[in-house]
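Enquirer: Let chain A serve as the given structure and place chains B and C on it in line with the hints.
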Amino acid sequence: MLEFVVRRLTTLAATLAVAALIVFLVMEVLPGDPAEVMLGLNAQPDTLAALRAQMGLDRPAPERFVSWVLAFLSGDLGISYTYDVPVSELIGERMVVTLPLALMAILFSTLIALPSGVLSAMFRGRPADTIIMGIAQLGVAVPNFWFAILLILLFAVTLGWTSAGGFPGFEDGILPALGALLLPAIALALPQAAILARVTRSSVIDVLGEDYIRTARAKGLPGGTVLWRHAVRNALAAPLTIMGLQFSFLLAGTVIIENVFYLPGLGRLIFQAIAQRDLIVVKDIVVLLVAIVITVNFIVDILYAWADPRLRNGGGNV
Amino acid sequence: MSEVTAVGYIRHRAGFWRRAMRHPGFLIGGAISLLVLLMAALALVWTPYPVTVLNIAEKLSAASIAHPLGTDHFGRDILSMLMVGAGNSVAVGLVAVGLGIGVGGPLGLLAAMRPGLISEAVMRASDLAFAFPALLTAVMITAIYGPGTMNSVIAIGIFNIPVFARLTRGVSLSVWKMEYVTAARAVGVPPLQIALRYMLPNIASPLIVQATIQFALAILAEAGLSYLGLGTQPPQPSWGKMLHEAQTMLYFAPMLAILPGAAIAVTVLGLNLLGDGLRDLLDPKLRGTAKPPKT
Amino acid sequence: MKTKLFAAAFLAAGLGMSGQVAAKDTLTLGIGLEPPHLDPTGGAAAAIDEVVYQNVFEGLTRIGPDGAVLPGLAKSWTVSDDGLTYSFKLRDGVRFHDGTAFDSADVLFSIGRAMAEDSTNAQKGLFEPIAKIEAPDAATVTITLKRPTGHFLFNLGWGDVVMVAPESADTNKTKPVGTGPFTFDRWSKGAEIRLKRNDAYWGAAAKLSKVSFKVMPDAASSAAALMSGDIDVFPNFGAPELLEQFRADPRFEVVVGTTEGETILSMNNTSKALSDIRVRRAIAHAIDRQAIIDGAMFGSGTPIGSHFAPHHPAYVDLTGMYPHDMAKAKALLAEAGYASGLKLRLTLPPPSYARRGGEVIAAQLAAVGIEAEIIPVEWAQWLKQVFKTTDYDLTIVSHTEPFDIGIYARDSYYFNYKSERFNQIYADLTEAVDPAKRKALIGEAQKVLAEDSVNGFLFELAQNGVWKKGIKGLWANRPIQANDVTAAYWE
Numbered sequence: 008m009l010e011f012v013v014r015r016l017t018t019l020a021a022t023l024a025v026a027a028l029i030v031f032l033v034m035e036v037l038p039g040d041p042a043e044v045m046l047g048l049n050a051q052p053d054t055l056a057a058l059r060a061q062m063g064l065d066r067p068a069p070e071r072f073v074s075w076v077l078a079f080l081s082g083d084l085g086i087s088y089t090y091d092v093p094v095s096e097l098i099g100e101r102m103v104v105t106l107p108l109a110l111m112a113i114l115f116s117t118l119i120a121l122p123s124g125v126l127s128a129m130f131r132g133r134p135a136d137t138i139i140m141g142i143a144q145l146g147v148a149v150p151n152f153w154f155a156i157l158l159i160l161l162f163a164v165t166l167g168w169t170s171a172g173g174f175p176g177f178e179d180g181i182l183p184a185l186g187a188l189l190l191p192a193i194a195l196a197l198p199q200a201a202i203l204a205r206v207t208r209s210s211v212i213d214v215l216g217e218d219y220i221r222t223a224r225a226k227g228l229p230g231g232t233v234l235w236r237h238a239v240r241n242a243l244a245a246p247l248t249i250m251g252l253q254f255s256f257l258l259a260g261t262v263i264i265e266n267v268f269y270l271p272g273l274g275r276l277i278f279q280a281i282a283q284r285d286l287i288v289v290k291d292i293v294v295l296l297v298a299i300v301i302t303v304n305f306i307v308d309i310l311y312a313w314a315d316p317r318l319r320n321g322g323g324n325v
Numbered sequence: 067m068s069e070v071t072a073v074g075y076i077r078h079r080a081g082f083w084r085r086a087m088r089h090p091g092f093l094i095g096g097a098i099s100l101l102v103l104l105m106a107a108l109a110l111v112w113t114p115y116p117v118t119v120l121n122i123a124e125k126l127s128a129a130s131i132a133h134p135l136g137t138d139h140f141g142r143d144i145l146s147m148l149m150v151g152a153g154n155s156v157a158v159g160l161v162a163v164g165l166g167i168g169v170g171g172p173l174g175l176l177a178a179m180r181p182g183l184i185s186e187a188v189m190r191a192s193d194l195a196f197a198f199p200a201l202l203t204a205v206m207i208t209a210i211y212g213p214g215t216m217n218s219v220i221a222i223g224i225f226n227i228p229v230f231a232r233l234t235r236g237v238s239l240s241v242w243k244m245e246y247v248t249a250a251r252a253v254g255v256p257p258l259q260i261a262l263r264y265m266l267p268n269i270a271s272p273l274i275v276q277a278t279i280q281f282a283l284a285i286l287a288e289a290g291l292s293y294l295g296l297g298t299q300p301p302q303p304s305w306g307k308m309l310h311e312a313q314t315m316l317y318f319a320p321m322l323a324i325l326p327g328a329a330i331a332v333t334v335l336g337l338n339l340l341g342d343g344l345r346d347l348l349d350p351k352l353r354g355t356a357k358p359p360k361t
Numbered sequence: 080m081k082t083k084l085f086a087a088a089f090l091a092a093g094l095g096m097s098g099q100v101a102a103k104d105t106l107t108l109g110i111g112l113e114p115p116h117l118d119p120t121g122g123a124a125a126a127i128d129e130v131v132y133q134n135v136f137e138g139l140t141r142i143g144p145d146g147a148v149l150p151g152l153a154k155s156w157t158v159s160d161d162g163l164t165y166s167f168k169l170r171d172g173v174r175f176h177d178g179t180a181f182d183s184a185d186v187l188f189s190i191g192r193a194m195a196e197d198s199t200n201a202q203k204g205l206f207e208p209i210a211k212i213e214a215p216d217a218a219t220v221t222i223t224l225k226r227p228t229g230h231f232l233f234n235l236g237w238g239d240v241v242m243v244a245p246e247s248a249d250t251n252k253t254k255p256v257g258t259g260p261f262t263f264d265r266w267s268k269g270a271e272i273r274l275k276r277n278d279a280y281w282g283a284a285a286k287l288s289k290v291s292f293k294v295m296p297d298a299a300s301s302a303a304a305l306m307s308g309d310i311d312v313f314p315n316f317g318a319p320e321l322l323e324q325f326r327a328d329p330r331f332e333v334v335v336g337t338t339e340g341e342t343i344l345s346m347n348n349t350s351k352a353l354s355d356i357r358v359r360r361a362i363a364h365a366i367d368r369q370a371i372i373d374g375a376m377f378g379s380g381t382p383i384g385s386h387f388a389p390h391h392p393a394y395v396d397l398t399g400m401y402p403h404d405m406a407k408a409k410a411l412l413a414e415a416g417y418a419s420g421l422k423l424r425l426t427l428p429p430p431s432y433a434r435r436g437g438e439v440i441a442a443q444l445a446a447v448g449i450e451a452e453i454i455p456v457e458w459a460q461w462l463k464q465v466f467k468t469t470d471y472d473l474t475i476v477s478h479t480e481p482f483d484i485g486i487y488a489r490d491s492y493y494f495n496y497k498s499e500r501f502n503q504i505y506a507d508l509t510e511a512v513d514p515a516k517r518k519a520l521i522g523e524a525q526k527v528l529a530e531d532s533v534n535g536f537l538f539e540l541a542q543n544g545v546w547k548k549g550i551k552g553l554w555a556n557r558p559i560q561a562n563d564v565t566a567a568y569w570e
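Chains as they are written, first to last, in the numbering used here: chain A, 8 to 325; chain B, 67 to 361; chain C, 80 to 570.
This is chain A alone, in the form it adopts within the complex (with noise of 0.2 Å):
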């Protein structure tokens, strides 16, 4: 166990480098200079050279390229180049946005996907089933930039009872804050709780048909301890690691949705980032964004081997 730990670790900490390396590289070919995007139109030429020295613009990409993995490594993410204060700083303000969105948005998938998945595998084949299921094939077809669009129209434009998109700031209290990003985290949700929903509908029919549940049903467990006490729990493999795979999809997601809803969070920043040629943020972002989705599913990789017990026992064949 420890070896296939320590052996994961070395392919996530290549894996991180390479991702460095091309992120990197891709930020090097991104026509526009910074320099000129801060100064602007009407920018003398001796001032745009004044301003590219002072932030080192001017020495040689590979001597850049290991001063930003060395200065990452030591925590030190950098100035950016628009807003002149350290990336760390930025990161850090967007993340109090784009963290509390991600969690609400996983913590509704789950609590709406769970328990219809189950639901639906134990009225399998029932209007329940169908019903449930029909649900969720539309989650999963309905863009969520679309279903946000269509929850604004509904409760800001029709209703007037939410504003439709801006974020007040944690200063004002937590539940404005929180209100704000409610819309945002249903529609970010939606499609992932779909998903999970099929998911878990299948794991929890397959652990069903397996031979041990049969074993405790004949043994004459009731039929609520048999489906919660050992084909729930054994059946949340699948959807974890579903679960983990999604993280990287919300993340992105929030890209989008941040948009719709105009919220101040890393997806916003660094799609502004993009458009400011501030390569330092986008740099930053993406690697640790990598690095969240590779650590996320690392995490995954174990819970999977504690949730399912063939795995645990050392035995199976998967």
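Check the hints yourself; a few may be wrong.
As the list claims (entries may be wrong) - Pairwise CB distance ranges, derived in the manner of DEER restraints: (1) B:Asp346 / A:Leu166: 40 to 46 Å; (2) C:His390 / B:Ser127: 30 to 36 Å; (3) A:Leu166 / C:Ala279: 43 to 49 Å; (4) A:Ser81 / C:Glu499: 46 to 52 Å; (5) A:Ile138 / B:Pro172: 40 to 46 Å; (6) C:Thr105 / B:Ser127: 38 to 44 Å; (7) A:Thr165 / B:Thr118: 49 to 55 Å; (8) B:Leu239 / A:Thr165: 53 to 59 Å.
If you're looking for bench data, these hints aren't it; they were derived computationally from the structure.
Remember, predicted model here, so these are calculated numbers, not experimental data.
The C-beta atom is built at its ideal place from N, Cα and C for all residues, glycine as well.
Expert: Just chains B and C now, with coordinates in the frame of chain A:
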């Protein structure tokens, strides 16, 4: 030996249509997909109105006999734009999936047949690709090479490569180890011939199923990119772009946002139903697990 | 179902919060673009001035709501008869927000810093005529020019020429310290910038105690924020299609004012086809300004026939020079050898006037046989490809600097326009001080540009302000890039 597979393959397909006719999901999905295809094909030769000619005097008119779905802020006919948008979406799906299968398929086969360095390289590369949030990377790629249909389709298609490489490798591995393939290898049949004659028919079903799903995902992704202004560019209409333009007009012209979104949702729903149906029909006993048919 | 009920309760709670009405001495403004930093002397972004100009930082002169030059930190001045020497008397008792006193040394520092070799001031041209600057005493500054400069006092009112202190200049980007009636409070990046009243202000104190600038680049959510009361005023609302909505709403008034933004279809005068004046004139005839204004701007904007603001006293109406005439356009194209068609690139920056206007123009050009390939770009790319390397054929952009007709006299400005005739007129203009003569020269300059059909002159951007009823003392017009809230109050 090859006779056995051929028989298995045919037996597997036998009664496909008879069973298909009793599968509601497949029928609905198939019908929707067909409708979208027909709409896209029709838009190539005819639309009620040209979509590149603006008629500002008639902007934002409500549904009427002349314009069954109304007009947009430039006075363009919404129905015509949706039709051309369908063509755009179908093209995007075809190219993105084609790229995925065309590059990912051979890579996966190669990885299955040549374990060791090649296999390892293919798998690590696809691990890496999976670690990048796909949409984010597509945003980056279109930002670098400029927004546009081609660039966004390539950005989407790239992420189909590891999907199909993994799937192909997975299903091919088990086929590769099957007796008749081992036997064929033993008597010295060239690898390419093995791949094409013995393996391809056995891995086709899961690939078709996956292709349908990736097709739907590609349409969704392109709509997202176009919504962000990075995908299809004017004057070419696209569903995602129509949605984007409609957002500031929600207050007085909500249909402008509702219609293109519904078009995306219905198309994707149809393709997903078709994909699920195909999986049921082509692989009735082993849903979701990509194992080769028993011979 | 439970989550839905929970959601509804949540939403209702949020509503209750925003429904509260406080005794109003605060103002929340929406701005379309977030400033990259807050030092107006270190960047060209209009967004910087839109937050800090006149509110936080002040210059020697200031520009009034009608574009007039008013005394600022200089309470009075005299100009020598040859127009070369300006002598400014500074106000007494002015202090920077950090408590340091403002005197002639700060003026010398501010202007010297802006003119320095390594200065990142984006408008160094404003300082270029200055030959010498001296401070005879703490309350007097004398500036000597190389040549008479008609607009010098107006130029001193630009945001790029505001007064900064040596103690705080280096940190102004993140912590601006000026002399204005508001001090900087807090900046939540990507969301809002807050100012609060400067109780130690040298002049009449501001009536508002707090002012917040919320960054709202997206038209849909800005509209929503206005509707829900999160924002009181959007001085320059970006989505003209929504104005009807606000006009119909009794809570708001829509204040349509003027800007200095000439929106033009810029042409690369050295690209192969466009170097031919017949092609440029054909394009001018192909353009239907009213259709662009109606289609892309929902009726907002005033047609222009040259590069000049219609509200300016010296404006000459030249919109009739090239009436919309497709036959004429086709004939001119045929004459120039493009009877069988012409393909041009139309590079469009992000603002909606450009993207939407571009779609309309592409359709209008297509009608006369010019195929315009739309290339949408971000500002960074636009600056590089269009503005710097002039690798473009056509583009649409709004030139928002006040009185900027002089860009046509610049060498290698991105239009690549070169006209001895225009340069002579402009040279005469910069040295002319007599108002009648200036007016005549300005009129001539406009005519030359129209005759040469340098660019497609489309319309003057309107300043579409959406104001909550009851707010007074804001600027309806935009003579300079600013959101001056120093005189704003609630009725």
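Enquirer: Against each hint, give a clear statement of whether it holds in the structure.
Expert: Okay, the hints, checked on the actual structure:
no. : hint                            : result
1   : B:Asp346 / A:Leu166: 40 to 46 Å : 41 Å, holds
2   : C:His390 / B:Ser127: 30 to 36 Å : 34 Å, holds
3   : A:Leu166 / C:Ala279: 43 to 49 Å : 47 Å, holds
4   : A:Ser81 / C:Glu499: 46 to 52 Å  : 60 Å, violated
5   : A:Ile138 / B:Pro172: 40 to 46 Å : 43 Å, holds
6   : C:Thr105 / B:Ser127: 38 to 44 Å : 43 Å, holds
7   : A:Thr165 / B:Thr118: 49 to 55 Å : 34 Å, violated
8   : B:Leu239 / A:Thr165: 53 to 59 Å : 54 Å, holds
Consistency with the previously given hints fails for numbers 4, 7, ordered from lowest to highest.
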